[in-house]
Amino acid sequence: MNASDRREAEEHLLSCRDCRELSDLSRGEGAPAAAPADLLGAILARTSGPACGSARGRLCDHADRLLAPVDDDLVLMHLEGCGECRGLASALARLAIDLPPLAEIEPEAGFLAGVLERTSRRETLADRLAAGFLEACRRLGRRPRIAWEGAYVGAIALLILFGTPNAPFAGVPGRALDLVRTAQEAVPAVTATEKVPAIKMAVAERWEETRTGVAGRTRGVAAEIRRIGSKTWDPLKRELGTMWKRIASQKTTTDGTNATEKTQEGQGE
Amino acid sequence: MLEVATLLERCRQGDELAWEALVRRFQGRAYAIACHYMRNAEEARDVAQEIFVRIYERLDTFHGEEAFLPWMLRLSRNACIDALRRRKARPPAADVVIEETVQLPSASPTPEEASVARSARDLLYRAMDKMSESDREILMLKEIQGLKVEEIAALLDIPTGTVKSRCNRARLDLAARVRRLDPSYGA
Numbered sequence: 001m002n003a004s005d006r007r008e009a010e011e012h013l014l015s016c017r018d019c020r021e022l023s024d025l026s027r028g029e030g031a032p033a034a035a036p037a038d039l040l041g042a043i044l045a046r047t048s049g050p051a052c053g054s055a056r057g058r059l060c061d062h063a064d065r066l067l068a069p070v071d072d073d074l075v076l077m078h079l080e081g082c083g084e085c086r087g088l089a090s091a092l093a094r095l096a097i098d099l100p101p102l103a104e105i106e107p108e109a110g111f112l113a114g115v116l117e118r119t120s121r122r123e124t125l126a127d128r129l130a131a132g133f134l135e136a137c138r139r140l141g142r143r144p145r146i147a148w149e150g151a152y153v154g155a156i157a158l159l160i161l162f163g164t165p166n167a168p169f170a171g172v173p174g175r176a177l178d179l180v181r182t183a184q185e186a187v188p189a190v191t192a193t194e195k196v197p198a199i200k201m202a203v204a205e206r207w208e209e210t211r212t213g214v215a216g217r218t219r220g221v222a223a224e225i226r227r228i229g230s231k232t233w234d235p236l237k238r239e240l241g242t243m244w245k246r247i248a249s250q251k252t253t254t255d256g257t258n259a260t261e262k263t264q265e266g267q268g269e
Numbered sequence: 270m271l272e273v274a275t276l277l278e279r280c281r282q283g284d285e286l287a288w289e290a291l292v293r294r295f296q297g298r299a300y301a302i303a304c305h306y307m308r309n310a311e312e313a314r315d316v317a318q319e320i321f322v323r324i325y326e327r328l329d330t331f332h333g334e335e336a337f338l339p340w341m342l343r344l345s346r347n348a349c350i351d352a353l354r355r356r357k358a359r360p361p362a363a364d365v366v367i368e369e370t371v372q373l374p375s376a377s378p379t380p381e382e383a384s385v386a387r388s389a390r391d392l393l394y395r396a397m398d399k400m401s402e403s404d405r406e407i408l409m410l411k412e413i414q415g416l417k418v419e420e421i422a423a424l425l426d427i428p429t430g431t432v433k434s435r436c437n438r439a440r441l442d443l444a445a446r447v448r449r450l451d452p453s454y455g456a
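For the record, the sequence lines run as chains Y and A. Read in my numbering, the first sequence has 208 at position 208, and its numbers run on one by one without any break. Count along the second sequence from 1, add 269, and you get the number used in my numbering.
If you are wondering where the hints come from, they were derived from the structure by calculation, not from laboratory data. Just so it is clear, the structure is predicted and the values come from calculations on it, not from any experiment. Watch out, some of these pointers could steer you wrong.
[Claimed, not checked] In silico lysine to any residue, SDA-like type, Cα no more than 20 Å apart, as pairs: (1) A:K357 with Y:D64; (2) Y:K231 with A:E319; (3) A:K357 with Y:R65; (4) A:K357 with Y:I146; (5) A:K357 with Y:R94; (6) A:K357 with Y:D71; (7) A:K399 with Y:E135; (8) A:K433 with Y:P144; (9) A:K417 with A:Y325; (10) A:K417 with Y:R65; (11) A:K433 with Y:R139; (12) A:K357 with Y:D98.
[What the hints assert, rightly or not] Residues from chain A that keep clear of chain Y, each with C-beta distances beyond 10 Å, as calculated: (13) R281; (14) E285; (15) E289; (16) G297; (17) Y300; (18) C304; (19) Q318; (20) G333; (21) D398; (22) N437.
Where a beta carbon is used, it is the ideal one built from N, C-alpha and C, also for glycine.
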């Protein structure tokens, strides 16, 4: 710069503060101006976009210490300046401690006994058939319209077996009735009366034998049906009980309100 | 403590004490898995029993070429899926909320620590409840049950890369949901 230009510049600097500051900065003097707080965000918004997506893509590996050192440093630098990502990183670290204990939950008492009951005993063919039958009943019982369907199927079956002229058991009920009448006529009344107690005893013994045998086999079926029924009906009964109480309490409140209103009307008169 | 391989070998030989020991060792896991899928304590108990019945029936098919836990998890998952299919035909009469009934084995010595552990668990269950089923499942398999990525990939029949990316996405999703419920979580 020649002497006259320099003199002109120095005179300008005396009167212009901005140019004086710029001159100081260019010479390395004075405090550097602090960058605005939102400068980084503004620059990123105009260039690559926010870096949070990229940081979050590496947060899990950062939490698991699987990142290369350079990537780890980059993530840490981002976390220093981003509160949201820093919160996520802390939550991930805490989840790594809180999640594994959920791997085991102690079942209630009786669970082990239930498993051993179902697995340790040797199953016979009868047990397997009973289990299969129970499972089939369970599946049937879960159908929403089982009562209707059962009645429909039963009616069709009766019609097919007994009802039509070509049915395999057509006329059987009538013939059975005729047989009974014939037996009544053929056997003298006195003989029939003498034989009745013996017949009754034989029938009772045979019935007791059959009943005991059937009861033994169907005990499990009955218990299962009771359990399924209880599971279905108990909540319904509780619900109905609650509704009834609600209705009853509303009625009581209404009656009380009506009584109070009548009293007030009476006093008003 | 006896090794699982020893217990399994004894079970295959018909040793009922070994079977009882095996059930005792894994009943917590089976029940936790059933609770995760069924989200109903009573049904979870039935399904957990069914899991052990299946293990008992298929003991001879486990040859030890993979670890026992992934094999057990595969049977457990199939049992739970079958139970869920059956339930679709008949929704349960009433849901018993898991948080109200399950007992976590807590190593906390003080009631305060046990209470803190329980509230952290409830927070996690509430957050996981809102996630998608696939995210919740993969989180359960990897972050809770501790399966490896390759084991999960084999179980779900998906590539390992998909397992990793879905798991990371699920973790971040869970972390965000937990923080929405409790902003101080992790602080």
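Checked hints:
no. : hint               : result
1   : A:K357 with Y:D64  : 39 Å, violated
2   : Y:K231 with A:E319 : 19 Å, holds
3   : A:K357 with Y:R65  : 42 Å, violated
4   : A:K357 with Y:I146 : 16 Å, holds
5   : A:K357 with Y:R94  : 36 Å, violated
6   : A:K357 with Y:D71  : 47 Å, violated
7   : A:K399 with Y:E135 : 34 Å, violated
8   : A:K433 with Y:P144 : 42 Å, violated
9   : A:K417 with A:Y325 : 25 Å, violated
10  : A:K417 with Y:R65  : 16 Å, holds
11  : A:K433 with Y:R139 : 39 Å, violated
12  : A:K357 with Y:D98  : 32 Å, violated
13  : R281               : 13 Å, holds
14  : E285               : 5 Å, violated
15  : E289               : 6 Å, violated
16  : G297               : 3 Å, violated
17  : Y300               : 4 Å, violated
18  : C304               : 6 Å, violated
19  : Q318               : 5 Å, violated
20  : G333               : 21 Å, holds
21  : D398               : 13 Å, holds
22  : N437               : 4 Å, violated
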